[in-house]
Structures are given as C-alpha cells and as structure tokens.
Amino acid sequence: MKTYTAAVRDYPYTTPVKSGARAPENCRVEFPEIEPIHRAFAPMVRELKFDFCELALVTYLQAREAGIELSALPLALHGNFHHRSICQMVSGPIKSPKDLAGKRVGVRAYTQTTGMWVRGLLAEDYGIDPDDITWVTTEGPHVAEYVEPANVERTSESLIDLVCSGDIAAVVMGPKAVPAGAPLEPLIQDYKQVEKAWYERHRTVPINHLLTVRTELLREDPEAVRAVYDAFAAEIDAFTARSEPGPRGYGHGLTDSIQEALRLSIDYAAQQHLLAALPPEVGDFQLRLQPDYPPGGGDSIVLRPQH
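Under the UniProt record's numbering, the sequence shown has 136 at position 136, and the numbering climbs by one with no breaks.
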C-alpha cells in the first residue's frame with residue numbers, strides 16, 4: 001500500500017481523516033503537523049514538498065499561471081465573508097471605506113487571499129480602486145515568480161503597532177487573527193448587513209483554502225486521489241448534516257457556489273494585478289482546473305472573470 005503526505009489543517013471535517021477514523025481506502029496518508037498552515041504554502045509551490053496540500057486560493061492561481069504542476073480538487077476547506085476582515089483603531093478616523101483612498105493599509109502579504117477578497121469587495125461595494133491605496137506588508141509572495149505592484153511596501157514592524165500608531169489607516173485581519181485585547185474594530189460597522197447583501201448577489205461564500213494535489217500524482221495514481229477526496233468529502237457531508245443550515249465556507253464538488261467563488265476570485269485577482277496580462281488570442285483570462293474531478297476524466301470547467 002502506497003504512502004502519501006498531506007499538509008492539512010485541523011477542522012471538524014478534516015480531523016477524522018487525519019486521525020484515521022475515516023482513512024482513505026487503499027492508501028496511507030501521513031499528515032505532518034504544520035501550524036500555521038500557511039507555512040506549508042511556499043514549500044508546496046516551490047518544491048512540491050507534499051503530495052496533497054491545503055493551499056490558499058490566490059497562491060494556487062498564481063502557481064498555475066507560473067506553470068507549477070499543481071491541480072486543485074473541488075474541495076473547499078476554509079472560507080468566510082470578509083467585510084469584517086478590515087479593521088481600524090477603536091473610534092478611529094475612517095468614517096467610511098471610501099475614506100481609504102490615498103491611505104496606507106496593512107496586510108500580511110499582498111497575495112494573501114483574505115486581502116484579495118477585501119480589495120475585491122472594497123472595489124465592488126464602495127468603488128475603491130486598489131491601486132489608490134498603498135499596501136504595507138510583512139511578507140512576500142509564496143510563488144517566487146510573482147512580482148508585486150509598485151504600490152506595495154514591505155515593513156519589519158508589527159501591523160498592529162503600525163495601525164495603533166497611525167502609520168497605517170487600517171489593517172486586513174480576519175477576526176480570529178486579531179490578538180486578544182487589541183484595540184481594533186471592524187472598519188465596516190454594518191458588516192453583517194453588507195455581507196448578507198453580498199451573499200444575496202453572488203450566492204457563494206468566499207473561498208480561502210482548497211485542497212491541491214501534485215499533478216503528476218493525479219496522473220499516476222488517480223484512484224488514490226479519488227480516495228483522499230472521497231474521505232474528506234464524506235466528512236464534510238457528515239459535519240454539514242449535524243450543523244445549522246446556512247451559507248458555508250467549505251464544501252466539495254463542482255457546485256454552483258464553489259464555481260462562483262472561483263470565478264469571482266479570478267475576476268478580483270485580475271483587477272488587482274495578482275494575475276498577469278491576458279493573452280491577446282484569448283481576450284480574457286481563462287483558468288482550467290485540469291484534470292478535473294473525477295480524476296482522469298469527467299466534467300471540465302473553464303473559469304473566466306465576470307468583467
């Protein structure tokens with residue numbers, strides 16, 4: 001029986017697979033402990049260090065554009081709404097997201113997927129051009145081939161310290177990433193209502209992480225890839241069945257929700273210079289998740305930006 005490696009974070013629907021309670025059939029999978037999971041991203045896209053890897057969506061898109069031999073399985077492991085993911089100091093000076101134009105905003109990396117979603121919704125809901133903001137970052141891209149835009153700066157200082165000192169006007173940071181006691185609050189005060197309206201428009205939840213596999217493995221052992229996919233998919237179904245109904249940031253299959261999230265991410269990423277110029281013979285950016293699930297055949301999907 002062959003043994004493969006998979007870098008995957010603990011979620012309620014991944015832990016049973018990692019523990020062996022629902023082991024994939026006909027193969028063994030070893031799960032190295034990597035915390036936080038984003039530390040696995042660069043080794044995966046630069047060295048193909050793992051057979052399977054939970055990967056940030058933007059990192060995956062950039063890796064595919066760079067020709068790296070990775071394939072995405074239609075299995076969303078983590079996602080959320082992100083109108084709540086841009087913060088300022090409590091009672092800070094920014095009264096409206098539109099006030100961010102011309103300001104400096106912190107984000108861990110310009111290529112961070114949460115940052116991509118935040119910039120996309122700022123443009124869509126508030127008319128803010130991401131090029132009109134200086135993005136102050138503490139990390140570079142995972143994909144070495146990517147070159148950041150000119151309005152991206154690097155700092156060695158803490159983004160929390162910078163926003164508290166007023167050096168940056170706001171910081172992109174999901175609720176779970178905000179340190180306990182930090183004097184921050186969501187810049188978009190009515191984020192719950194705005195997120196609901198965004199969901200009603202798009203009928204999807206922004207995807208942050210999905211499961212990827214080395215394309216060579218997908219070609220050589222599609223049965224093992226299917227077995228790993230099926231194990232995670234079964235746990236997602238089981239967790240969903242015992243959870244409250246409502247929009248979810250996880251799921252599997254080429255559902256309308258997952259396809260829409262992927263299309264939106266490509267649309268937003270292209271607008272933000274996260275993906276390169278479009279080939280003139282194509283006319284618009286296309287991404288094919290190939291080979292698609294089921295491994296070795298089945299439906300294919302071409303994803304294009306909406307605009």
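I should point out that these hints are in silico values taken from the structure, not numbers from a laboratory. Do not take every clue at face value.
As the list claims (entries may be wrong) - The following label-pair restraints were derived from C-beta to C-beta distances:
id : residue 1 : residue 2 : range
1  : Gly166    : Thr255    : 28 to 38 Å
2  : Arg46     : Arg219    : 41 to 51 Å
3  : Arg219    : Ser91     : 54 to 64 Å
4  : Asp129    : Ala21     : 11 to 21 Å
5  : Lys2      : Thr255    : 25 to 35 Å
6  : Ala23     : Pro179    : 49 to 59 Å
7  : Ala123    : Gln193    : 35 to 45 Å
8  : Lys95     : Ala66     : 32 to 42 Å
9  : Gly67     : Thr138    : 26 to 36 Å
10 : Gln259    : Ser156    : 37 to 47 Å
By construction, the Cβ of each residue, glycine as well, lies at the ideal position given by its N, Cα and C atoms.
Kindly confirm whether 49 to 59 Å is satisfied by the beta carbon distance between Ala23 and Pro179. With Cβ atoms ~37 Å apart, the hint is violated.
Taking the Cβ atom of Lys95 and the Cβ atom of Ala66, is their distance within the range 32 to 42 Å? This hint holds: roughly 40 Å between Cβ atoms.
Beta-carbon spacing of Gly166 to Thr255 - inside the hinted bounds 28 to 38 Å or not: violated, 44 Å
C-beta pair Ala123, Gln193: status relative to the range 35 to 45 Å that was hinted: violated, 19 Å
Could you say whether the range 54 to 64 Å given as a hint is met by the Cβ separation of Arg219 and Ser91? holds, 56 Å
Mind checking the hinted window 26 to 36 Å against the Cβ distance between Gly67 and Thr138? holds, 28 Å
Take the C-beta atom of Lys2 and the C-beta atom of Thr255, compute their distance, and say whether it sits inside 25 to 35 Å. Check passed, 30 Å falls within 25 to 35 Å.
Measuring from beta carbon to beta carbon, are Asp129 and Ala21 in 11 to 21 Å? Since the Cβ atoms of Asp129 and Ala21 sit about 48 Å apart, the hinted range of 11 to 21 Å is violated.
Distance restraint hint 41 to 51 Å, applied to the beta-carbon atoms of Arg46 and Arg219: Given a distance of about 21 Å, which is not inside 41 to 51 Å, the answer is violated.
Cβ separation of Gln259 and Ser156, checked against the hinted range 37 to 47 Å: holds, 40 Å
Of the hints listed earlier, those the structure fails to meet are numbers 1, 2, 4, 6 and 7, in rising order.
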